[in-house]
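Both chains are given apart, each in its own frame, so use the hints to dock them into the complex.
Here the protein sequences line up with chains A and B, keeping their order. Using numbering that gives the first Met the number 0, read the first sequence as starting at 0 and increasing by one per residue. Using numbering that gives the first Met the number 0, read the second sequence as starting at 0 and increasing by one per residue.
Derived from the structure by calculation, the hints contain no laboratory data. Predicted model, so just to flag it, every value in this text is computed and none were measured. A few of these clues could be false.
Per the computed footprint, the stretches of chain A lying under chain B, defined by three or more beta-carbons under 8 Å from a beta-carbon of chain B, are [said to hold, decoys possible]:
1) 238-247
2) 394-403
3) 446-453
4) 487-501
Here chain A is said to cover these stretches of chain B; the calculated rule only asks that three of the stretch's residues, wherever they fall, bring their Cβ under 8 Å from a Cβ of chain A [what the hints assert, rightly or not]:
5) 174-180
6) 231-241
Glycine included, C-beta positions come from ideal geometry on N, C-alpha and C.
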Amino acid sequence: MKTEGGGETGAGKRVRFFTASRISQLFFLALFLYLFIITDYRGRDEISIGANSFFRMNPLVLASYILAAKSMTWLLFPALLMVALTALLGRFFCGWICPLGTLIDLVTRRVPKSGPIRFLRGRFKYFLLYALLVSALFSVNVSGVFDPIAILIRALTFFFYPLLGLAARSGWSGLYTLAGDGRDSAFFLYDFLRAHVLPFRETLYPLAFVSFILIVLIFAIERFERRNWCRNICPLGTLLGLLGRFSLFRRIPGRLCKDCGDCRKHCPTAFDEEVLQSGDCIRCMDCRAACNFGRVNFRPGMPSFSKDGTVKQPVLSRRLFVGSVVSGIVMAKGLSFRKPQTQDRLLRPPGVTDENIFFQKCVRCGECMKVCLRSALYPDLSFGGITGIFMPVIIPRLGYCEYNCTLCGQVCPTGAIPRLSPEEKKKSIIGAAVFDRNLCLPYAKKLNCLVCEEHCPVPEKAIRFERIGDIDYQGKKITLKRPYVVEELCTGCGICENKCPLEGRSAIEVFSRKLKRTV
Amino acid sequence: MKRRNFLKLTLSTIIASQLPSTAFSQAASSTVAVAEGTDYASITRKVITALGGMKAFVKPGNTVVVKPNMGWDRKPEYAATTHPAVVKAIVEECLSAGAKKVKVFDNTCNDARRSYESCGIPEALKGMKNVDVRFIEDDRFKKVALKGKFLKEWSLYGDALTADVFINVPIAKHHSLTGLTLGLKNVMGIMGDSRGYIHRSIEDALCDINSVVKSHLTIIDATRILTKHGPVGGNLKDVKVLNKVIASRDIVAADAYATTMFNMKPEEIATTVAAHKRGLGEMNLGKIKIIKA
Numbered sequence: 000m001k002t003e004g005g006g007e008t009g010a011g012k013r014v015r016f017f018t019a020s021r022i023s024q025l026f027f028l029a030l031f032l033y034l035f036i037i038t039d040y041r042g043r044d045e046i047s048i049g050a051n052s053f054f055r056m057n058p059l060v061l062a063s064y065i066l067a068a069k070s071m072t073w074l075l076f077p078a079l080l081m082v083a084l085t086a087l088l089g090r091f092f093c094g095w096i097c098p099l100g101t102l103i104d105l106v107t108r109r110v111p112k113s114g115p116i117r118f119l120r121g122r123f124k125y126f127l128l129y130a131l132l133v134s135a136l137f138s139v140n141v142s143g144v145f146d147p148i149a150i151l152i153r154a155l156t157f158f159f160y161p162l163l164g165l166a167a168r169s170g171w172s173g174l175y176t177l178a179g180d181g182r183d184s185a186f187f188l189y190d191f192l193r194a195h196v197l198p199f200r201e202t203l204y205p206l207a208f209v210s211f212i213l214i215v216l217i218f219a220i221e222r223f224e225r226r227n228w229c230r231n232i233c234p235l236g237t238l239l240g241l242l243g244r245f246s247l248f249r250r251i252p253g254r255l256c257k258d259c260g261d262c263r264k265h266c267p268t269a270f271d272e273e274v275l276q277s278g279d280c281i282r283c284m285d286c287r288a289a290c291n292f293g294r295v296n297f298r299p300g301m302p303s304f305s306k307d308g309t310v311k312q313p314v315l316s317r318r319l320f321v322g323s324v325v326s327g328i329v330m331a332k333g334l335s336f337r338k339p340q341t342q343d344r345l346l347r348p349p350g351v352t353d354e355n356i357f358f359q360k361c362v363r364c365g366e367c368m369k370v371c372l373r374s375a376l377y378p379d380l381s382f383g384g385i386t387g388i389f390m391p392v393i394i395p396r397l398g399y400c401e402y403n404c405t406l407c408g409q410v411c412p413t414g415a416i417p418r419l420s421p422e423e424k425k426k427s428i429i430g431a432a433v434f435d436r437n438l439c440l441p442y443a444k445k446l447n448c449l450v451c452e453e454h455c456p457v458p459e460k461a462i463r464f465e466r467i468g469d470i471d472y473q474g475k476k477i478t479l480k481r482p483y484v485v486e487e488l489c490t491g492c493g494i495c496e497n498k499c500p501l502e503g504r505s506a507i508e509v510f511s512r513k514l515k516r517t518v
Numbered sequence: 000m001k002r003r004n005f006l007k008l009t010l011s012t013i014i015a016s017q018l019p020s021t022a023f024s025q026a027a028s029s030t031v032a033v034a035e036g037t038d039y040a041s042i043t044r045k046v047i048t049a050l051g052g053m054k055a056f057v058k059p060g061n062t063v064v065v066k067p068n069m070g071w072d073r074k075p076e077y078a079a080t081t082h083p084a085v086v087k088a089i090v091e092e093c094l095s096a097g098a099k100k101v102k103v104f105d106n107t108c109n110d111a112r113r114s115y116e117s118c119g120i121p122e123a124l125k126g127m128k129n130v131d132v133r134f135i136e137d138d139r140f141k142k143v144a145l146k147g148k149f150l151k152e153w154s155l156y157g158d159a160l161t162a163d164v165f166i167n168v169p170i171a172k173h174h175s176l177t178g179l180t181l182g183l184k185n186v187m188g189i190m191g192d193s194r195g196y197i198h199r200s201i202e203d204a205l206c207d208i209n210s211v212v213k214s215h216l217t218i219i220d221a222t223r224i225l226t227k228h229g230p231v232g233g234n235l236k237d238v239k240v241l242n243k244v245i246a247s248r249d250i251v252a253a254d255a256y257a258t259t260m261f262n263m264k265p266e267e268i269a270t271t272v273a274a275h276k277r278g279l280g281e282m283n284l285g286k287i288k289i290i291k292a
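Bound-form chain B, shown alone (with noise of 0.2 Å):
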């Protein structure tokens, strides 16, 4: 090595030791790991190991948040609600990256009971150890100082504000007034008192509460998609199989892929323009990298 290439690499190795993590973690995070399948476990496994690992996210004694979408008292067929395959799938693998515990849980539209009893998840996440499928309650919403654009404080989930890691696992649907919701509106499901109030302007709304609580993996399953009538769906005729589950640590470049599957741009989704522009994350698909798992 010449001195001059030797003194360059000391040089910026020790500028980039003193830049924020974020800036660079931001940069190698844009990465999308993509798998198509019919075993939507093996598939969730696939993407996970693409992007490393889920040891690479969970550390021994880490107590996980895994927050799919359970909103809606609707069978999985409807794809209103996340797969119970592909959570189970991720809870599995956080327990075997060491997890103390992996609580799952939904902060619901229609009535909870329900809700959680159609969606099938508690359902195939029942008798694992070490595994909390809990109702919300009251008590465990926290006022947090937001600071953001719209939202200044709200009230959040303590348990998804003390999770070491939070794994953001939303289905891909349609929803009429965002165009979609993907990983960074499924965040709404940590938020409690009177939600729809933030709907007047949602991406902003969103951003804020998505500045605060960091998804450290988001894993968005189209293992079938809900194309129309969204949020809620109820007519097999909107619902599109895929067969595919979409993984990223970078939030932003999830739901930017995603919009694809519905032959959408990333540009037509305001929630993740406003978020790209927030800095938090990328959107640009020429950016990302794509891993066909």
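Bound conformation, chain A alone (with noise of 0.2 Å):
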């Protein structure tokens, strides 16, 4: 490869920014991006199989749903191929693809280092690791609380883009204010970014800060090392470490020279005594470019096993696996306490029949929410238990579930929702409306309504109304149109909790089922 600037001495060439890695990140980072802003309602009710492509190739999604699921998808075919990748060219994906690495690494370089973090060192990452297939093993799967695209999409859906989307926003109605009419000469561009790159609504999320401090923190961190979530935490780097620690691929020579080793300043995540950590090594090959002496080459080569000292940390030890069955087993069960007042009002998304299937399959990853038409889902705090953290739940009053929608079940990586049709989406059972009659208008003050039943998206009519003759409170006579539901037909998609017109507290709310038959 080309580098630029010869002839420093000893401290080494300066690697070129462009490598060969580099513009592969970011390709990727921007095939991220584009897929991120794509799942969405953009006019069609089919979205890009792809646009959930960086969960279905990622191993720990699969690695978490065959433990938990007892299962495979064919959803998660490409992340076998990504496995199948990784054990032949090493953990190529961190230093070539991830979208999280790659903004790591454009920040990183501005961020003066203080040396690592001595508790991080050890084998935590792979404590961490462990614990989570084994909580996922007991059915709670947790991974993708700390999966790197997740934690990114998240800090993204819930903070980010609905951040940009209230910029724009304000100031395209900050122009209304200055320019009145005059404002809609520049229509044509707001309505183009609205269309292709703003969010349609600008959802405030629960949990939005807790996404966004995660994202802040593996930057903070990046004072103490370089990649330094990335080498010492992310569980997904750590597996790819794992599965492509004895590739064929690999970097020659595989310690550091004695008469120059400036490969150690290069190097992001591997170089951390003379020996290269074949398992944190992500391909990206900066030292190459970087050599002096044409040294470093990326090969295929028979895996050195231990016996020059490659493999320093085990992997594995007793105390290890001792320590993380026993955090995995706490993780899963331990915390999975639930307030039974909460529960009634655990509204999953349409489709999700059972919620233990939900909390095995369930990544968390917020494609659902991203996507999610009339902004009715949420990411989980207080409704499913600690262990429920980020999973989506439907919140009525914010949002409620579009009739014709079926968007969530198309995004979701491992069809924790289903993807359904139109028509069984329409029959699908998400809870059922309950009025609360010390509430509503027609019984609690004798007034007519019937906002909930005209919305009620069911052709035949969840919500019905008997006409009552009455006398009101003034000793007028008059007829009242009293709503009452059919639960046999109310899908529970929280339009009536939604639209009624009472200030607070709705007087229509959807509640939980145990049995979601279809109607």
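Below, the structure written as structure tokens:
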């Protein structure tokens, strides 16, 4: 590979910015952002099957899914391919594809380093990965909380994207204040942005701040060493490292040269010691580009087992094993308490029939919440217990499930939210609506209303009404139309709760149902 | 001409000239034009022509709002939204009458993107010059003092308030609370805020709005009507194809006549009755001139 600025001495050559891996990184970052943006309703009922690619090719998602669900799904075949490629090429994903890694690389050059954190230096990353996998084995799949792609998607969905939308909208509104209808001359621009880039509706999410802080922390620990997250914490990276540990494609020579040793300076992840940690090497090949002597090469070679000390840290020990198994079980079973009163309102996306299976399969990636047309889905904090964090719940007062929409099932990378045809979707049950007659106007105040009945999307109407002759509080004879729910027809879409014109609490609310047959 | 007649005529003309113009236009406009046929664009043009042509309403350089019902995520055949062919014909007529700009919008009940997409109206108007089909933008709502019977003040859409001509294009359909939803009810689509609030006194509220935002022309789409489970519908069994379009300058007269399509009397629709009582138009079918166009 070519390098720029020859003639440096012992300090080594400066690595050119646009190396092959860098170009690949930028390409995949752009692709990632593009897929993020198209994960939305843009006038068509179908979303490209590629929208959730970054999760479907994700071996951590695959491993947790298989352990938790004890089955396989065709949706995750790309991840199998990634496993095979990693076994062959090593942990190249981190150096060539991972959008979070790319962002870290872009930020880290501006951050001075103060030296590694001791605590992370040990085997923490293995402990974390194993604990997550053990927890998955006990049917609580929490890997997604720490999955780098999921962390990034959530931070974008819950924090940055709404912020971008709000900024654009307030700018556009400000323009109206200044220029009035004159702003129409710029409408084509705003229209274009809104059609292709901006969110249609700026939704404020719970946990937005937590998602934001998580990503900020990942950047903040760059103060200690390069790619700190990637080499010391990231469970996906750790898993890829394990898979690619004995890959055929590797760096030669496998240790620092006695007369130079500059590789340690150039290497973002793997040269903590004299010997290259093969499981940490992300195949970015910066060392090759920087080598003054042309000695470094990446090519097929026999994996060298521990005899020359390549494998320094044991990836498993008795202590690590016991520790992670115990933590995994604690995570899976010890933290799964749920308050009964929040359970009543635990409303999952359409098509999710079994809460336990949903816990096994949901990645918490945030894709469904990103795509949700009416902003009905929110990351959970309080309904499903601590282990349910970031899983999607419907909060009907904020947004209802649009009758003809099937997008969440289309973008779910594991099928935790099943892909339903429009006909199936219209019959799948989320919950059941219940009136509170102490609040509902025709009952409580003898006023006609029927907003809920009007909006009910079920063609035969799951909310109906009876006509009752009554005398109002002024003594006038009136006919009241009093609504009631036909539970056999109600899907719990929540439009009634959403549109109820009472201020504050809705007089009709959707509660979860145990039995979720179709209507 | 005899002197007596001459004096009578002169005097009455002078007196008439001093009357508020509404007193006469009211009487003159209680004409309803109806056309039937399967070419919806052509019957729409026929009713407009029967009322004197679009030039009688739209002057060159005018900004026109055409307000169809695009409120629901339903395909046109389900009769929950105005037929795109009817809307398109109206927009074309406005343009050829010299309109500077025609704006088409609705504040939807279902998701705006899906509703606009499904109803087929934006699709039908795509690429037409000087026609704006846009989503509702929150910053364009203006608080308007209505000083009405039920609503003292409400947010109404600025585009509807500033337009030179407001053409109201509802679809005739069943509505559980009000019996039917027609022209008077369709104006709800320019309301902002939590519109559900007005359901508790909907006749008065609709009259309050209609007193402030007058429909210069009401064209009711009865090409197919929703007879049950309105206003959303969703079942083709509830749809009746009539192939009719109704138009009038008088919104109450248009509504009153359209009511008969459902085998109902105008008196049965409380909104129509309230509007008539408040002088918004004529509901007595005997006093309405009906032109079969």
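Which earlier hints turn out false for this structure, listed by number in ascending order?
1
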